[in-house]
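Input sequences plus hints: build the corresponding full structure.
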Amino acid sequence: MHQALIDTSVFGRGPAAATKPGATLVEVARRLYRLRKRRDAELGSMLFSEPAWDILLDLFISDYDDRQLSVSAVCIGARAPSATALRYLALLQDAALVERVRDVTDGRRSHVKLTALGRRRMTNLLAMLALP
0 MHQALIDTSV FGRGPAAATK PGATLVEVAR RLYRLRKRRD AELGSMLFSE
50 PAWDILLDLF ISDYDDRQLS VSAVCIGARA PSATALRYLA LLQDAALVER
100 VRDVTDGRRS HVKLTALGRR RMTNLLAMLA LP
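Under numbering that gives the first Met the number 0, the first residue of the sequence shown is numbered 0, with each subsequent residue one higher.
Don't read these hints as lab results, they were simulated from the structure. Nothing false has been slipped in among the hints.
Listed next, with one range per pair, are the computed distances between beta-carbon atoms:
no., residue 1, residue 2, range
1, Leu34, Ala95, 25 to 31 Å
2, Ala89, Gln67, 16 to 22 Å
3, Ser81, Ala40, 18 to 24 Å
4, Val103, Ser48, 31 to 37 Å
5, Glu26, Gln67, 19 to 25 Å
6, Leu130, Met45, 29 to 35 Å
7, Ala94, Phe47, 20 to 26 Å
8, Asp65, Arg30, 19 to 25 Å
9, Ala40, Ala82, 19 to 25 Å
Where a beta carbon is used, it is the ideal one built from N, C-alpha and C, also for glycine.
Here's what the structure looks like:
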């Protein structure tokens, strides 16, 4: 149904290539992320707080950009206090939308990424916004 929105020319190579988001959907995610920042600046961050949504958008974009996000980077991207961001990260893990992966070069650090379920659900939501 949303297949036309997924630009297959931007996919990477390898087994995960077929599940990578397309350029159109990533641009929707980028615009939403920028809008959230602007909304907080214009109307105040105390009125609006959606750390889980910010985390999911950030991970969706980073997946497309082939960037790994550490737990601390995810917390910063959530634009919430660390304890709050970590609590939402745990909720997203419990919902099987994100997972932590141990850094192979530094065992003290973990990276966070969308699960296949998380990527599929974000793709479906963002595709709804990308439709005319």
